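Dock chain B against chain A, hints included.
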Amino acid sequence: MSLPKPVMRGLLGKRLRFHLPIAFTLSIISAIAFKYAVTEPRKQAYADFYKQYDSVKEFNAMREAGIFESVRPSGE
Amino acid sequence: MPGGDKYQSPFCQTTWYTPSLQPTYFRVQSHFLQAFGGREQGKNRRMLATRALRLVGKRAISTSVCVRGGHGVAKVEEYTLPAYFDRRESPLPDVSYVRNLSPEQQSLKEKEKGSWAALSNEEKVALYRISFNQSFAEMNHGTSEWKSVVGGMFFLIGLTGLVVLWQRKYVYGPVPHTFDPEYKEKELQRVLDMRMNPVEGFGAKWDYENKQWKKSIFT
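If you read the sequences in order, they're chains A and B.
With this note's numbering applied, the first sequence closes on residue 76, and no number is skipped along the way.
With this note's numbering applied, the second sequence closes on residue 1219, and no number is skipped along the way.
Chain A with its partners taken away, still in its complex shape (with noise of 0.2 Å):
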């Protein structure tokens, strides 16, 4: 029998070795591309409504559409 001895020790370390830095450098990735893909545009969203948000306006619209019970709509 000639096979070769095989590797006895070190498996761990070599293991980790392997995979720490790959899941280091995925995690990162993920956390940017969530950062960039989702909470980046929700600010824009947030910030681009409350540009042209007239507060005033939207009360009376909902007043009128009645669903209020503190001021009903002004025509009754």
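Just so you know, these hints were derived from the structure itself, not from any lab.
Source: prediction; values computed, not measured.
All clues given are correct.
Covered stretches of chain A (chain B as the covering partner; in silico rule of three or more C-beta atoms under 8 Å from a C-beta of chain B):
1. 39-48
2. 53-65
Interface residues of chain B toward chain A, partial, derived using beta-carbon atoms under 10 Å:
3. Gln1189
4. Arg1190
5. Leu1192
6. Asp1193
7. Met1194
8. Arg1195
9. Pro1198
10. Val1199
11. Glu1200
12. Ala1204
13. Tyr1208
Even glycine gets a Cβ: it sits at the ideal position worked out from N, Cα and C.
Relative to the frame of chain A, chain B by itself:
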């Protein structure tokens, strides 16, 4: 108890009497107490040693009495002996696989006692197969069991679906009136009137100026 008693041994089916003042294995403590009480101080240690020896001797006699009692030693059950197993986490089982060697295997074992370089490859494999049933490659081999598991899963889920359908038709009563289409339209109108989630959610998809859904999918 002193005075002799009948002792039923669990290992052989005979009963035999212990002579008085000879305690059984479990009553050594009381025996030594008796020794201390009944002897002079100077002789105590020697007396204890002789008592202990006599205890062992008596026990040996009792065992051989048991064998000669006519019923023999208790039958050893197969499952109580060390067993062979193929397991990855404990690679060396307690016994070898082949217990009763054929004559060729016995001669091979004799040859094994010499120099191993003299063994051919087939002989080494034969020796391996005497000691072990499956190699690590064989025992770690995957089965196709997962196919039947997944198939069974799907089948049972389908069966459950049929049961649920039958239940919906024959067991449950009608849904509440709040599921009517007209009621749902009024609900939707109310949601839009309340301006629910106007930034990124439901209300953001409705065009309030033109009273219609926004055309673009990106709001």
